[in-house]
Amino acid sequence: MAEKKPRIEDRIFDLDECMPRDRLTELQIDRLNRAIERARHVPFYADRLKNVGEIKSLDDVKRLPFTTKQDLRDGYPLDFMAIRRDEIARIHGSSGTTGQMTFVPYSRRDMDNWGNLCARFLSSGGLKPKMLVQVSFGYGLFTGGFGLHYGIERIGAAVIPAAAGNSERQLAILRDIQPDALVCTPGYALNLAEILQAEGITLPHLKVGFFGAEPWTDEMRARIEDELGLFATDNYGLSEVIGPGVSGECPWRHGMHINEDHFLVECLDPETLEPVKPGEKGEIVLTTLTKEGMPVIRYRTRDISNLNPEPCPCGRTGVRMGRVTGRSDDMLVIRGVNVYPTQIEEALLRIREAAPHYEIEVTRPGALDVATVRVEMLPGMFSASMKEMVALRDRIVQAISSITGIRMEVELVAPQTLQRFLGKARRVTDRRAKDEDKQ
Amino acid sequence: MKIHQIAIFMENKPGHLMGICRTLAGAGVSITTLSLADTQQYGILRLITESWEKARAVLDKAGYVVNITEVLAVEVVDKPGGLLQVLEIIGGGDINIEYMYAFTFRHGEKAVMVFRFNDPDKAIALLSNAGVKVLDGVTLFNGMN
Amino acid sequence: MKKDDNDRIFNPASATDYVPLPQLRGLQLERLKRTVMNAYHNQRQGLFKQRMAAADVKPDDIRCLEDIRRLPFSVKADLRETYPYGMFTAPQKDVVRLHASSGTTGKPIVVGYTKKDITVWSDAMIRAMSAAGLSSKDVIQVSYGYGLFTGGLGAHYGAETLGATVVPTSGGNTERQIMVMQDFGVTAICCTPSYFLHIAEKASEMGIDLRTLKLRAGVFGAEPWSEAMRHRIQGETGIKAYDIYGLSEIIGPGVAMECQEQSGLHVFEDYFYPEVIDPETMQPLPDGKEGELVLTTLAKEAIPMIRYRTRDITAIMPEQCACGRTIRRIRRIGRRSDDMMIIRGVNVYPSQIEAAILKIKGLMPHYEIVLTREGGLDNMEIRVEVTPELFDDRIRGVESLQKQIAYAVFSTVGIHAKVTFAESKSIARSEGKAKRIIDKRGI
Chain B
1037 MAEKKPRIED RIFDLDECMP RDRLTELQID RLNRAIERAR HVPFYADRLK NVGEIKSLDD
1097 VKRLPFTTKQ DLRDGYPLDF MAIRRDEIAR IHGSSGTTGQ MTFVPYSRRD MDNWGNLCAR
1157 FLSSGGLKPK MLVQVSFGYG LFTGGFGLHY GIERIGAAVI PAAAGNSERQ LAILRDIQPD
1217 ALVCTPGYAL NLAEILQAEG ITLPHLKVGF FGAEPWTDEM RARIEDELGL FATDNYGLSE
1277 VIGPGVSGEC PWRHGMHINE DHFLVECLDP ETLEPVKPGE KGEIVLTTLT KEGMPVIRYR
1337 TRDISNLNPE PCPCGRTGVR MGRVTGRSDD MLVIRGVNVY PTQIEEALLR IREAAPHYEI
1397 EVTRPGALDV ATVRVEMLPG MFSASMKEMV ALRDRIVQAI SSITGIRMEV ELVAPQTLQR
1457 FLGKARRVTD RRAKDEDKQ
Chain Y
47 MKIHQIAIFM ENKPGHLMGI CRTLAGAGVS ITTLSLADTQ QYGILRLITE SWEKARAVLD
107 KAGYVVNITE VLAVEVVDKP GGLLQVLEII GGGDINIEYM YAFTFRHGEK AVMVFRFNDP
167 DKAIALLSNA GVKVLDGVTL FNGMN
Chain R
703 MKKDDNDRIF NPASATDYVP LPQLRGLQLE RLKRTVMNAY HNQRQGLFKQ RMAAADVKPD
763 DIRCLEDIRR LPFSVKADLR ETYPYGMFTA PQKDVVRLHA SSGTTGKPIV VGYTKKDITV
823 WSDAMIRAMS AAGLSSKDVI QVSYGYGLFT GGLGAHYGAE TLGATVVPTS GGNTERQIMV
883 MQDFGVTAIC CTPSYFLHIA EKASEMGIDL RTLKLRAGVF GAEPWSEAMR HRIQGETGIK
943 AYDIYGLSEI IGPGVAMECQ EQSGLHVFED YFYPEVIDPE TMQPLPDGKE GELVLTTLAK
1003 EAIPMIRYRT RDITAIMPEQ CACGRTIRRI RRIGRRSDDM MIIRGVNVYP SQIEAAILKI
1063 KGLMPHYEIV LTREGGLDNM EIRVEVTPEL FDDRIRGVES LQKQIAYAVF STVGIHAKVT
1123 FAESKSIARS EGKAKRIIDK RGI
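Protein chains in written order, with this note's numbering: chain B, 1037 to 1475; chain Y, 47 to 191; chain R, 703 to 1145.
Because the hints were derived from the structure by calculation, they are not lab data. What you are looking at is a predicted structure, and each value in this text was computed from that prediction instead of being measured. Among the hints, erroneous ones may be present.
Claimed, not checked - Below, simulated EDC-like cross-link-like pairs (lysine to aspartate or glutamate); rule was C-alpha separation at most 16 Å, straight line:
no., chain 1, residue 1, chain 2, residue 2
1, R, 795, B, 1216
2, R, 1127, R, 1091
3, R, 1061, B, 1235
4, B, 1166, B, 1216
5, B, 1164, R, 796
6, R, 818, B, 1189
Unchecked claim - Computed footprint of chain B on chain R; a stretch qualifies when at least three of its residues, placed anywhere within it, have a C-beta under 8 Å from a C-beta of chain B:
no., region
7, 792 to 804
8, 851 to 863
The beta-carbon is built from N, C-alpha and C at its ideal position, and this holds for glycine as well.
Construct the complete structure from the given sequences, taking the supplied hints into account.
Set out below in structure tokens:
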């Protein structure tokens, strides 16, 4: 690809981002050994690390055990915590319900590192001190809002914590306050762009945008940049590891630089768990090197991507990961929220003792994702009164929303009308990519 | 080929249907057939009457929320499979039925049903081609017995 | 009481709560002068300067605290009319945070903070939390909504600066809130009192007795609540329930807070100077007399507010508190002098609902708002008269109109309302200002 000069001035926030590879490796080995020591406070790891001696080279990583989402779930609520209770400064969590949720405790130093890591990608994406940033990510247990919030403060820019929802007010703020930067999911950015266009609002101040928390494409980026007139960068993170700040794009935008001084990254074949060749697709596996509150070792993210070790013209030495192109499990990301099909099942079980057959369809009719759940009626669910049928549907909508945190459309359909699959049920139809092609 | 239907919005409260009937009776409007769709909070009363314009005027005046919709009155052979025949024609044309209900009277040897389709013109064409009669207002009310 | 075993750690930040009165008054006068100067010279749109000129008052005329009475009032409409930045005095580059709250129409009002303002806010919150006996040892769950609303981030920064463990659950997903509370040994919660009642009800449904948990204190605010409700909360859950007061126009939560005596709210009056006036005559009332609370910020840089009319009805309590704090108390706020509703802690004006309804072509502004409370949660029902243009003979047509209205309301005020249709002319028309709110919550 021809490399033209980036449109945005590149400010390296932390010189550690440019650490020479050999020094980085040394630092990683040193930090990994200390991380392993910390992890030994966690019963799950104490057992599995019993026969692991000192790590002398990064090749030794192979000797370390993997950690899966299920392991973290089994350790609910705080079995993976490696600090004392009174050392916790903050607790965040991933989505999910009973038995599915994962809580992540942070020490004060973790909070400090997190702010720094977010400031790194914010700075490389063009955020400068004194700029005004609208953060339209949800705040709360979800790490998205807070990660960015503290990163922006670290840079010395001003925060408008618009959070998610209430589009009317978001729009009023955008129009009247004219922020310099926008943070949200890419789908929401496109949605805003459509409304702005319809209402004839222009945002001449908007210069940079940071979009994440759901998969997006280069075509979407081009549309967002074109319609909002800003420079858009991608960033990546997950709450089990820290939240946003694991990696982020530099202005050259050929992949997201992983903050390797804080996270050891591998890209493995999800079946064989052997490393794939550089540049090839595989599952991203992360080990935290500095995390105190909840260290994780070889955490299987289930995100499919690739790693590019080639040096980058920006000077950052962290290896670059490509966009996440898929998952090696059945998790869905709907409007930036992670949803597992089993959560729908749980919601239906609340309504009735036996869950009826159901399917989920995700579409993107405009800019925003719409999830529709079709539920086959079971004998006894039907009533001749519309009143009761509507009430039943509303109860299902409510149950799904209280478990997943998002509102889905619910359609009641006749028995035996949904397609059956042999073996593993394929309950999810994702039409978003197709919908986008149409636009 | 289409006939006029009066739809009336009603809150689900006792006595409301009575009020509507009283208004219509007072104006000498006779109801040919009707259907009531109910939800949790409100109902929609749909009725067919020969003097729909008068009915609309008195209901408007009495302060009801009324709208006029065009629906089709379709003859259905009154024997097993009669309705099926109509539905197969409709289904073959990929037309949706928004709702349907029946007349209380027969037209000759046939039963008559009210349909609201998402594409009434296409439905008329398909049904007529297949030899199913779609009645206009004059024929319908003349044939009442 | 088993749970009230806190060792009353004295937080040095609270020292100002106990300053001898002459010293406090001196500090207030000095800060008042500085605030008036700042507003007079730096307010971007110069509203304050114009009003001072109209009243023939100069900043130099402020020689003692009583002179505050010569200063002009400010009201919420000022923020709307100078929207967004007209009341700001700090240069843009010094503003590090913006929050917003409901205006009386669709337009929000915007408030800004300098770095020092955030420090002042966090400091007031530390003092508020300390007054309720909280310390760095506590695990504090913040169940206020985060975002432009000041409740969430205000409590969050306060708890963080206090050095406590913060669990930012934000609002919603009550079952998860309860799991978190149980599994992390949460000792204190910040939310609206009605939401806490909802949590309590949900917990008992789940078979969890809050009395057996570590939870011992609640910092409840953002909506009015009664002594009866406090008794219910304390009786049912075994925690101590404290009332906190604040408003975005002044700073957010942390303007005033109850101490462990639970008898009136101490105003952090070195930061926020309180007066009570007769809302009709606008004349100051003596301590002890009930009237409208008027607040002047004494340490705010980005937007100093002078004699801001809060519309909240209360009285300044003349006696000193048994806790030893010298800063004065106000009585708990029970009502307002305007038609603002507080629904699930969110401020909503009927005019906002009207603006949302009128966005839908063909709808008439004949509506009423019915407020009910079920299981501790406020529900808003909007009854709208359906018009022939919009009425559809298909149920799905009517349902889609319902959805459209609910969405318009949600996108304006941020609350999911239940929309129902009424027959034409069935909603009472009244002369003059329509009485469109039917509040059945019995607060």
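For each hint, the structure was consulted:
no.: 1; hint: R:795 to B:1216; verdict: 12 Å, holds
no.: 2; hint: R:1127 to R:1091; verdict: 15 Å, holds
no.: 3; hint: R:1061 to B:1235; verdict: 13 Å, holds
no.: 4; hint: B:1166 to B:1216; verdict: 10 Å, holds
no.: 5; hint: B:1164 to R:796; verdict: 14 Å, holds
no.: 6; hint: R:818 to B:1189; verdict: 13 Å, holds
no.: 7; hint: 792 to 804; verdict: holds (count 8)
no.: 8; hint: 851 to 863; verdict: holds (count 3)
In summary, this structure violates none of the numbered hints.
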